[in-house]
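A.B. asks: Chain order of the listed sequences is A, B, C and D.
For the first sequence, this note's numbering gives the first residue as 97, with consecutive numbering after it.
For the second sequence, this note's numbering gives the first residue as 97, with consecutive numbering after it.
For the third sequence, this note's numbering gives the first residue as -15, with consecutive numbering after it.
For the fourth sequence, this note's numbering gives the first residue as -15, with consecutive numbering after it.
Bear in mind the hints are in silico, worked out from the structure with no lab data behind them.
It is possible that part of the hints are untrue.
Stretch-level coverage of chain D by chain C, calculated; a stretch enters the list once three of its residues show a Cβ under 8 angstroms from a Cβ in chain C [what the hints assert, rightly or not]:
#1 -6 to 4
#2 205 to 215
#3 353 to 360
Quick reminder that beta carbons are idealized off the backbone N, C-alpha and C, glycines included.
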Amino acid sequence: MQYEIEVDGRLRQVVVHRVGDGFAVEVDGRRWQVDLARVDSHTLSLITGVVPPNGDTGDATPASDSSRRPGVGPLVSPRPGGPSREVIVSSGTDGRLVVRVGATAFSVALNGRRRTDEMVAGTDGPQRIVAPMPGKIVRVLVGVGDAVHARQALIVVEAMKMENELRAARDGTVAGIHVKEGVSVEAGAPLIDIL
Amino acid sequence: MQYEIEVDGRLRQVVVHRVGDGFAVEVDGRRWQVDLARVDSHTLSLITGVVPPNGDTGDATPASDSSRRPGVGPLVSPRPGGPSREVIVSSGTDGRLVVRVGATAFSVALNGRRRTDEMVAGTDGPQRIVAPMPGKIVRVLVGVGDAVHARQALIVVEAMKMENELRAARDGTVAGIHVKEGVSVEAGAPLIDIL
Amino acid sequence: MKKILIANRGEIAVRIARACREMGVSPVAVYSECDRTALHVRYADEAYPIGPSAPRDSYLRIDAILDAARRSGADAVHPGYGFLAENETFAAAVRDAGLVFIGPSPEAIALMGSKTAARAAATRAGVAVVPGTEGPLSPAITEPELTSTAQAIGYPLLVKAVSGGGGKGMRTVTNLRDLAAGVAAARSEAGSAFGDPAVYLERCLIRPRHIEVQLLADEHGTLVPFVERECSIQRRHQKVVEETPSLAVGPPLRAAITSAASAVARAAGYTNAGTIEFLLDEDGRFYFLEMNTRLQVEHPITEMVTGLDLVRWQVRIARGERLDFDPAQAMIPRGHALECRIYAEDPDHNFLPSPGRIQQLRAPSGPGVRDDSGAAAGLDVPIFYDPMISKLACWAEDRASVVARMRRALDEYVVTGIKTTVPFFRWLLAQPEFVEGRFHTTYLDEVLAARAGRSFVEPDGDAEDIAVIGAALQSMLSSGVSRSSAQGAAVDGAALRWKARARADALRR
Amino acid sequence: MKKILIANRGEIAVRIARACREMGVSPVAVYSECDRTALHVRYADEAYPIGPSAPRDSYLRIDAILDAARRSGADAVHPGYGFLAENETFAAAVRDAGLVFIGPSPEAIALMGSKTAARAAATRAGVAVVPGTEGPLSPAITEPELTSTAQAIGYPLLVKAVSGGGGKGMRTVTNLRDLAAGVAAARSEAGSAFGDPAVYLERCLIRPRHIEVQLLADEHGTLVPFVERECSIQRRHQKVVEETPSLAVGPPLRAAITSAASAVARAAGYTNAGTIEFLLDEDGRFYFLEMNTRLQVEHPITEMVTGLDLVRWQVRIARGERLDFDPAQAMIPRGHALECRIYAEDPDHNFLPSPGRIQQLRAPSGPGVRDDSGAAAGLDVPIFYDPMISKLACWAEDRASVVARMRRALDEYVVTGIKTTVPFFRWLLAQPEFVEGRFHTTYLDEVLAARAGRSFVEPDGDAEDIAVIGAALQSMLSSGVSRSSAQGAAVDGAALRWKARARADALRR
C-alpha cells in the first residue's frame, strides 16, 4: 500500500507492508517496524522501531541480545516492543488531517488512495513499472507491443488481500513484460517496461 | 409518539408530542414540558417543568408572573426554563438501556422488553443462577435437592482475582446444577436452578 | 441561602456551581442561545434562557437575569468575572430586588470601578500610584492641552479606559506623533467595549512586573490580604500565565505591598473578594494600578498555596459570616502554583481565535493538577465570548517542580477539532527567561515580536515520521468510509504537490 | 537515572510515569496481551510486551520484565504495588541485573513480607502485636491441635495468609464449627493468589480502627514518619475509603503511634517508602498488624495533606539522595483528605465484578479533586486483574468540607458501559456513622449485611420520570432524522462570523 503524504510543505512517500501481526512501513526509504493497535475510531497506539538495513530489531543492547536476527531483508517480523506513541487523527481545515503524535500536532494531507509508481513518474523517457509492495501477480492486462495510453491499467497485483491496479503514467508502447500471472514478486521487482 | 418503558420492574406509559421547539411528554398521565438539546449521540440535556392540568408553566412565583398563561390544555408551548438534567443513555445488558439522570443510573427497557435478570427475580417462580461474568467455578456449595434460604451462598466463582459468592434470591430447593468445580464459564452461562 | 443564580457562563460558572454544591446550595444557570448545551447549563440544578448569543442581548441583560432569578426563587446572585461583575447598576438592582449580591457593595464597585477615582482613593490611602492624569481627559480637550498634559507625564505613556479591563481600551504611545491617534483609538475601543469612552493617561513604566494582592473582607471589619500573585506574562496586556508566590517578592516587600493593598481596600470600605493590582519597577518600588472588585480569573493558584477556598468564602461573607481563619494562613504560601489560560486560539497564526466544535478532549490529571474547564467534547466554542476554554493550574513543592509538572500536564492535554494555546505554553515553559523568572509585563510581546510568527511546534524528525505513518495507517484502517480519505481522493497528485509548494512558501514567509 | 521501567499496569503505572516525566526521566511500560491499548502503555515513552493476560504469564514474570528492562536500556525498576512489589526474589533479581530497585532491600522485603516474621520483628522493637500464633500453622496440623491453638487465641479469630495482602487469603472464624473450613478456604485462596498457602491465626479485635503510618527512609539513616491514615472503611478486609488525618487520633496518640512505626522500620533496616499498619482498639491501644514494603494504594491522600510527593521521593531515595525536608512537614497535616477507590463492580449485586468496555468516562475535576485513573473511554476493564479503575481523592480545609467535596465529585463522575462503585460511595458518604466518623473495620460489612442487598440508588420520583422521558426522546432521536447536519451548518456559519470579526479586530490594531 503506497501513500503520498504532505506534511509541513514536504511530500513524503510512504509504503506500508503487512508483516506478521504488524506492519513494515517505509517513509522516504527509511524503514520502520510498527505494532499497531486501535484505541478508538480516531486514536491509534503505535509501538515502533526503526529497522536498520541489516534487519536488526533495534534493541537497545543488541550485542547481548539472544533474539537478534541477522539481516534478512526488510520483511522480517521483528520482536515487538520499543517506542510507544499515541496518534490521534482528526479532520482539519481544507480537507487536511490534524495528526497528533504525543503532544505535538501536525497538519497533513494525504491522497487517500493506493498510489502507483506512475503518479510520481517523470514526464518522458522509458517507464518501468515495478511492484510497489510484495504480492502476487493476479492479471497482466497488456501484451508486448500494445499501445497504451496514460492512466491505462497494465497489471493487477494482489497484496494485503487487496487487488491493486498499476497504471501507465503516460502514452507509450509495451516493450517488455517480466512476470507471469500467478507468480509472487518482491517489492521493487520490475514488472513491465514501456517505451 | 407512544412508548411503553419498564423501569425498576414497573411499566410506564409515555406519550411524546412535539410542541413548538420543545416537547410535551406525558408519563402515566403526568405532563412534562421538555426543552431538549442533544449534546452528543448518547447525551441529552433536558430542561423540564411539570405542567399542572391548568397549563401553568411551573414558575416559582406564579402569582406575580406576568408571563403566566391561563390553562389552555396540554399542548401549550410554555416559557422555557426550569430544572436542568443531563441524561446519558447507554446500552446495558440483555438489550436494556442504562439511563443516567444526573448522578443516578436507571436500567430501563423500551417497549415491553421485560427484565430477565434472575439476580433480582421476583418473589416466586423458578430462579436460574447465571454467571455474571466470565470466570472459573471454585466451589459449588449446595447439592441437588438441598433446601436453600434467601441470600444463602450457592456457588463461588473466581473472576478478576476475587472469589465471588453467588447467593439465592429467595427460599427454594436446588433443582439442577449445570457446572462442576474447576470449569471455566462464560458470562451468562447457567449455573444452578432453584425451584 | 438556598439557591444561587450564577450570572455568568463557561468555566467560572461551573467553578461557582461546584462551590454551591459543596455548600449544599442549589446552583441556577442562565444561558444565551448558543450556550444551550454548555457545561454550566448541564451542571446546574435549573437553567433559564436569557436571550440571543451576543452578550448585550443576554449575559449583560440585567432585566433578563433578574427575571430568571425571580422565576427560580434564587435568594442570591453570583456575578463571576467579566460581564456584569463590576457593574454597580447590576449590584444595586440585585439588592433592590431583595436578593443578595455575592460581591462588594454597589458603592465600592462604583468607587473602584472608575480607574481615576480608584487612583485618587489610593493616593488618599497613602499608596503611590503610577504618575498620570488625575482624572479622565476632557472629551473636548484641545490638541495643545493634550500635548502639554502628555509632556508633563513623559513618554512612553499609556492611554487607558477609565472603565477598562482585560487590556481593552488601552494604547501605548511612545511619542507625540502617535498621541492623538492613540487617544482616539482607545476612546473608540473603550466606548464599544465598556459603553464609556472616557480615557486617561498614565506613565508607562520600564519593564515593570505585575504583582497583585488578593483580599477578602467581611462585613464585620475584618480584612485579610493574601500572598501576592505575579501576572507579568501578558500578551497585549492580557494575562496568560500567573503564579504565586512571585520570585520578585521576598517577605519584606510582601509585608509592604499587602499592607498597602489593605489600606486601599479599607479606604474604599471594601467587602467580599477583590484584588489590588500593582506595578513593581526594577528598583523594587511598587505603584497602585487598579482594583478588580470581583473574583479574579487566576484565583485558583491562591487557593492552592493557601488552602483557602475563595468562592466559598465569597458566599460565606455574603451570608454575613466572619473571616475566622488565621490570617497567617493567607500570607504564608505552601509550595508554588502556576496557571496557564488555555485559549481556543491558533498560536501559530498570531493567536487568531479558533472557534468550532471540540472533537476530543482529554484533560490532564494526577498529582497537583487542577483543570477548571468550561469545555467538553462535542461542544462548540462559541464566537461571542472570550475564547478561554480552561484554566490549567498546577501546584508543587517549589517553582522548579511546578514548572516541570505544568509541562507534564500540558503534554497530557488533548484537544482536537480546534486549535489551542497549549503548544505556545509548551514553548514558553521551556524558555530560560521563564524558567529563571526573568520577565516583566512586556517580555512576552517582545519575544513574540522577535520570533516573527515562527511556529511554536519544533518537532523532532521521528515525530513527523510517526505522524506520516499514523496518517497512512489510519487511512488504511478507515479506507473507503472515512470522509477524509474521500476528500483526499478528490485531490489529484499535481494539485496536491502544488498545494504543498504553496504551503511551504507560506511557511517560509 | 535516565529511564525507569514500571513493572506494573493501570492507574499506578500511570501515576509513576507522571512522576518520571516531571523528573525528566523516561518511563518504560510493560504490558500483557489484553493491555496493549491500556493507558499506561500509551502514556509511556516505550512499551514492551511481556506475555499473556494472566498475571502469572506476564506481570509476575520476573524474566520477561528483566528482559524488557534490558532491551529498553532502563537503569531502574519501579514495582508499583501488588504483582511483584513485595517479592524479594524480584527485588534481588533487579539488583543482580545491575539495575536499581525503587523500593526497600530484598532483605527488608523478606523480613517484613512474612507476616509472622514481621510480627516477631515488631515485638523485638517493643511494639505490641495483635495476639495470635507465633508462626504459620503447620501444613500437617491435626484438627485437635488446630482446635486448641484457636482456643488459646480466642474467638472470633482471623485466618490470615502469611504472604497475604489486600484482604485475600483471609477468613473470619467466629466459632469452632467454622474453623477447619475457614483455614482450608484461606489456604486455597492464598495458594492461588500468592503462591504460598501458609496461614496463621490472629485474634479478631472488637470494633478496631485501622490506622497506618506512612514512612520514608533514605540510605543515610534518616527516617521520617508521616501523619497517620485511617482505613477503617473496609469491605471483606479490603480498604474502600481512606482518609487522613484520622478523627480517632489526636497529637499524643499520633506521636506514640508514629514513634512505634519508626521503631519497627528501624529494627528492619528499612529504606525507601513503606507503611506500617496498626489496629486501634476502643480503649486507644494500638497493635502492630503488618508492614507493607511498597508504595500504598492510598498514598495520594498523604501527599495532599503534607505537600510531599511520595513517588518522587521514592525515586530520589533510590538515587541515593537525602530526605532533606523538615520532618514536621510530614507530621502536621494541612486540611483533610479522603480517597474513594472506584471499582468496576456492581454494588447492587453484592459487588460482583463488572468487567467490560467503558463507553463514556468523564472524571470530576475542579478545586481539591485528584483522580488517579487507569481507565479511559473505549477501553476494556480486563477480567484478569484487580477491578479498580480509579482512585478519587479530595482535599479540603476540614473533614466536613472534604466529605461535601467528595460527594460533589462523585456526582460528577460519569462512567457508562460498566457498573462502578460510585453509587455505593454516594450512599456511604451520606450515612451518619460515616459523616460523624463513628466506624471501625467491620462497620461496613455489618451495615451491608443489614441492608440485605437493598439497592444503593434511592432515586427521587422525578429522576425516574426523567429517565423514562430521556429513554423515549433518545429512542425517537436515534430512529428519526438527525438534526445534526443542520446544526453543523449553523456552526460553520458561526465560526465564519467569528473569524471574520477576529480578522477585523486584528486589522484595527
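A.B. asks: Examine the stretch -6 to 4 of chain D for residues whose CB is less than 8 angstroms from any CB of chain C, and state whether their number is three or more.
C.D. replies: holds (count 4)
A.B. asks: Verify the coverage statement for the stretch 353 to 360 of chain D against chain C, using a C-beta to C-beta distance below 8 angstroms and requiring 3 or more qualifying residues.
C.D. replies: Three-residue rule met by the stretch 353 to 360 of chain D, so holds; n is 6.
A.B. asks: Quick check: the stretch 205 to 215 of chain D, covered by chain C? Criterion 3+ residues, Cβ under 8 angstroms.
C.D. replies: violated (count 0)
Of the numbered hints given earlier, the model fails hint 2 alone.
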